[in-house]
Amino acid sequence: MDIFSMTALETGKAIKDGKITAVEATKQVLDSAESKNDKINAYITICREKALAQAEEVQKKIESGELTSPLAGVPIAIKDNICTKGIKTTCASRILGDFTPVYNATVMEKLNNAGMITVGKLNMDEFAMGSTSETSYYGAVHNPWDLNKVTGGSSGGSASSVAGKMSLVTLGSDTGGSIRQPASYCGVTGFKPTYGTVSRFGLIAYASSLDQIGPIGKDASDCASIMDIISGKDSMDGTSLDIDYPEYLSSLTGDVKGIKIGIPKEWYNNKGLDSEVAEKTRKVAEVLEKAGAVVEEISLPFAEYAIPAYYIIATAEASSNLSRFDGVKYGFRAENYSSLVDMYNATRSEGFGKEVKKRILLGTFVLSSGYYDAYYRKALKVKAVIKKNFDEIFSEYDLILCPTAPTTAPEIGKSLSNPLAMYLSDVFTVSANIAGLPGISMPCGFDKNGMPIGVQLMGQALADTKVLNTAYAYQQMTDYHKQEVK
Amino acid sequence: MDWEIVMGLEVHVELATKTKIFCSCTTEFGGAPNTHCCPVCTGMPGTLPILNKQVLEYAVRAGLALNCDITRYNKFDRKNYFYPDLPKAYQISQLYLPFAQNGHVDLKTKSGKDVTIRIHEIHMEEDAGKLVHSMFGDATYPDYNRCGVPLIEIVSEPDFRETEEVIAYLAKLKSTFEYLGISDCKMEQGSMRADVNLSVRPKGSKEFGTRTEMKNINSFKSIERAIAFESKRQIALLESGERVIQETRRWDENKGKTFAMRSKENAQDYRYFPEPDIPPVSISEEEIQHYISICPEFADAKAKRYVSDFGLSEEDAGIIAGSKYFAQLFEKTVELCNDPSEVRYWIMTQILYFMNERNVQPEDIKLAPEKFAQFVNIVKAGRINRQVGKTVFENMFFGSDDFDIEKFIKDNELEQVDDSELISKTVQNIIESNPKAVEQYKSGQTKIVGFFIGQVMKQLKGKANPASVNKAVNDALENLKED
Amino acid sequence: MQITNELVSYVANLSRIKLDENEISEMQSQMSEIVNYMDILNQLDTENIEPLSHIFNITNVMRDDEVRDSYEREEILKNAPAHTEEAFIVPKTVD
Chain A
1 MDIFSMTALE TGKAIKDGKI TAVEATKQVL DSAESKNDKI NAYITICREK ALAQAEEVQK
61 KIESGELTSP LAGVPIAIKD NICTKGIKTT CASRILGDFT PVYNATVMEK LNNAGMITVG
121 KLNMDEFAMG STSETSYYGA VHNPWDLNKV TGGSSGGSAS SVAGKMSLVT LGSDTGGSIR
181 QPASYCGVTG FKPTYGTVSR FGLIAYASSL DQIGPIGKDA SDCASIMDII SGKDSMDGTS
241 LDIDYPEYLS SLTGDVKGIK IGIPKEWYNN KGLDSEVAEK TRKVAEVLEK AGAVVEEISL
301 PFAEYAIPAY YIIATAEASS NLSRFDGVKY GFRAENYSSL VDMYNATRSE GFGKEVKKRI
361 LLGTFVLSSG YYDAYYRKAL KVKAVIKKNF DEIFSEYDLI LCPTAPTTAP EIGKSLSNPL
421 AMYLSDVFTV SANIAGLPGI SMPCGFDKNG MPIGVQLMGQ ALADTKVLNT AYAYQQMTDY
481 HKQEVK
Chain B
1 MDWEIVMGLE VHVELATKTK IFCSCTTEFG GAPNTHCCPV CTGMPGTLPI LNKQVLEYAV
61 RAGLALNCDI TRYNKFDRKN YFYPDLPKAY QISQLYLPFA QNGHVDLKTK SGKDVTIRIH
121 EIHMEEDAGK LVHSMFGDAT YPDYNRCGVP LIEIVSEPDF RETEEVIAYL AKLKSTFEYL
181 GISDCKMEQG SMRADVNLSV RPKGSKEFGT RTEMKNINSF KSIERAIAFE SKRQIALLES
241 GERVIQETRR WDENKGKTFA MRSKENAQDY RYFPEPDIPP VSISEEEIQH YISICPEFAD
301 AKAKRYVSDF GLSEEDAGII AGSKYFAQLF EKTVELCNDP SEVRYWIMTQ ILYFMNERNV
361 QPEDIKLAPE KFAQFVNIVK AGRINRQVGK TVFENMFFGS DDFDIEKFIK DNELEQVDDS
421 ELISKTVQNI IESNPKAVEQ YKSGQTKIVG FFIGQVMKQL KGKANPASVN KAVNDALENL
481 KED
Chain C
1 MQITNELVSY VANLSRIKLD ENEISEMQSQ MSEIVNYMDI LNQLDTENIE PLSHIFNITN
61 VMRDDEVRDS YEREEILKNA PAHTEEAFIV PKTVD
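Protein chains in written order, with my numbering: chain A, 1 to 486; chain B, 1 to 483; chain C, 1 to 95.
These are calculated hints, taken from the structure and not from any lab test.
Just so you know, even glycine gets a beta-carbon here, dropped at the ideal spot from N, CA and C.
Please note that a few of the clues may not be correct.
Straight-line alpha carbon distances no greater than 25 Å define the calculated SDA-like cross-link-like pairs of lysine to any residue that follow [claimed, not checked]:
{"no.": "1", "chain 1": "A", "residue 1": "K36", "chain 2": "A", "residue 2": "E109"}
{"no.": "2", "chain 1": "B", "residue 1": "K380", "chain 2": "B", "residue 2": "K436"}
{"no.": "3", "chain 1": "A", "residue 1": "K354", "chain 2": "C", "residue 2": "Y37"}
{"no.": "4", "chain 1": "B", "residue 1": "K257", "chain 2": "C", "residue 2": "K92"}
{"no.": "5", "chain 1": "B", "residue 1": "K130", "chain 2": "C", "residue 2": "N79"}
{"no.": "6", "chain 1": "A", "residue 1": "K388", "chain 2": "C", "residue 2": "N22"}
{"no.": "7", "chain 1": "C", "residue 1": "K92", "chain 2": "A", "residue 2": "N336"}
{"no.": "8", "chain 1": "A", "residue 1": "K466", "chain 2": "C", "residue 2": "F56"}
{"no.": "9", "chain 1": "A", "residue 1": "K354", "chain 2": "C", "residue 2": "K92"}
{"no.": "10", "chain 1": "A", "residue 1": "K414", "chain 2": "C", "residue 2": "S25"}
{"no.": "11", "chain 1": "B", "residue 1": "K371", "chain 2": "B", "residue 2": "L414"}
{"no.": "12", "chain 1": "B", "residue 1": "K79", "chain 2": "C", "residue 2": "V61"}
Sample of chain C residues at the chain A side, in silico, Cβ under 7 Å [unchecked claim]:
{"no.": "13", "residue": "L14"}
{"no.": "14", "residue": "R16"}
{"no.": "15", "residue": "S25"}
{"no.": "16", "residue": "E33"}
{"no.": "17", "residue": "L44"}
{"no.": "18", "residue": "R68"}
{"no.": "19", "residue": "P81"}
Throw the hints in and build the complete structure from the sequences for me.
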């Protein structure tokens, strides 16, 4: 039985039905991951022994009826910025060295309790800073659809491993589009939940007010079933929301009748927007309309300010969050230094990559004396404007539909040399992070080169199931998400 | 030229919560290095802070006690700097919306002057770790046990002009926080630390001079010395035509001098910004009313009451009420024995003596009020006199919990002698064996009476009732005159 | 806003990141481009708008003051690049 022909949920059912064991499923994923990693570089760490031992234990508990989650026994791979107790966690950075956490992220505790098997840690942009997954200290991740193309980022390993049949479902993190954009480039489904619905405890922070963990999988059902496991109030995360959490999977009805969808017209006037991407994403609206949704053009005039506001807030928080990497408590320390300050300087200069250093400097700049009001404080005001803008839209509309990214995946090596252009490619995704909104990216076609195109649906805060259900409805009517890399 | 010293204080006070401000590790003082630590307080990646409820309560109650406006909606901010005692490389503190502002403290100084010190603000923050330096070699060993111990920082306005005001202010803070039970304020253990901002200016001048900030002052005594040194240093600079540099200076207790701190040389740019990991904290009117309603009686009110209810002098009342531990002992003992004047006597003489001479701290007093009252009753009943009482008190004070006063008196035969026959027999003995003194007395040197009394007391091993001895000696001498 | 080499050096020093001359000028040009782009925010009038730091209006997330076991010291120290049995090791700090 080839589990790669199935979704994670189908695999879970096959395990429950005794058609395949958790150990067999885990072996298949491990074998495939190990054999393809040379080419795709999706994994930084593959933990065969640990995974197999875990699978054996889980299999027993499934058989004894102790584990009943629909995903019990299903292998999962984890972005390498999520702390895994006893498994090296690198953030794709040299500075974390051989850091092996002595604690689990809350999401890891939850996955373990549900009986999911951790097969390994996924490659990414260093400290989740990037839109291409090229800034990893462990080398760029390659797009399975075309190995010369990037996977998008920062959760490149999380998306490419699903597309490349090196994993069934994964966790990523999304600070400015880092789940949705690589999902789009790799032709898979990636969901960024409402800020605060998935605990950030154990997620190595890039920008604390924007970061959110979420699933990447083959379809919306897999994402919803992961959300059932990882969401919830956590006493270890002060920003975790204390609400009645929905049952994500069981709210997927496929019914979109009467759902009001807005298409922001300014976004389609974006200069960088590829015409094929524009066309294919608009077609999604037509499909949903046929199923009973109401689609209208809307105006989101303040969205163009989202990118500068995003980069100010994200880099400011990053400059502070990444200060703890100083060669004292964990990770890498430079070999040659003459004093304490010299040790800090050498460690951080040798330990961080160029993109990370640039963002630390930018963040330090926007917070520094004399510039705080003009940049950081200004950005927080713009954030208030953007939130208000969204609140107004969502008082009338249920969802916003737009492209996930302006283009399909660019070639490896073409983006980093022009950082501003790379930052601008986050144009459609960052505003969901600024406003804390849920968003999903799913495949909706291919460009002339056969590269996947992704469409994004965004909802009001806490409308996560509405977003997932609409994606589910679309996937019931189409089969773009079932297309496989040849 | 006459100079005036201008000072402002930044006082850090460790709050006596059981756990740290953002994690559940113990705040217990001491402990082997790095054993009161977890991933949160050692700044491991991905960990997040959760505010300790008790910290907020203690902080707000401190703010109310210092007459501050309580900020109803306050936030935490990050203060960013690199140092090995700060594992996250930022300290979670409050800059933009501190929880308390615009307070004041009324003081009476040792010389009896009334002074009001304004409080600019109080904020909550986390303590840093401790750096242990190698004796030889070039290593420092960070110990993170203290990381995350909750602090409040009380920032005064530059309202101090004299050292005794600073001392009175710190004593007042200590007393107030002791009564609230929110800190033990031990300067020697670092649970209360004062940084002194000091400048000097010609007397009468309205402008402030350039100030320095003195750190690392860890006792009341060093504060006096540090202020004396630093003000002299600044005055000497100005008088020789040089200028004072605005800088942070470390007080060196052994050398008795302040030194410019190298690490603070660069003007700091702390890049404060709102802490994204901690949602804002709101404090309701009900909470504030509740804290006001459970506010204990503080030193000033107590002292007034001691004067009016118990007839104590203002000075004695001030000293006893100034320490929660004195006051508790005093009030409970008086309640049990109903003799405030006798209880006052033993506190003001013996206990203060122990404090000065034997380095006893008020909070270390173990003496139970029940025992103290029993002792007072024995003295009052005339069973021992005050002279012998001192010995008993000392043994009781430093003795163990099961110290038995009665047994001690019996074993050492300390019971007061009030046997008039024995006393008059002893008086006769002394008179007979000191004919010279008798002559002196007869010739009108009445002061010699004291000599006879002393001799009689000595003969009776100090246990005689002094009043009875006094009377017997006088009577006997009068009789001699008549002869 | 003009980003100068001096400003780059200043923030690099605050960030404890050492840059050589080439890196400074490369950073200077890239940061200039990005910061200039950020300046479009000035087109937006935000005079009467309060800065928004926390997106959702939640307050008072607190825990009870109950002691839990700390970690074993070995676990706290084991990821450190230099440590003794009881503490981290750093170059001597001087004040």
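**OP:** Run the structure past the numbered hints and jot down the numbers of the failing ones, going up.
**Re:** 1, 2, 6, 9, 15 and 18
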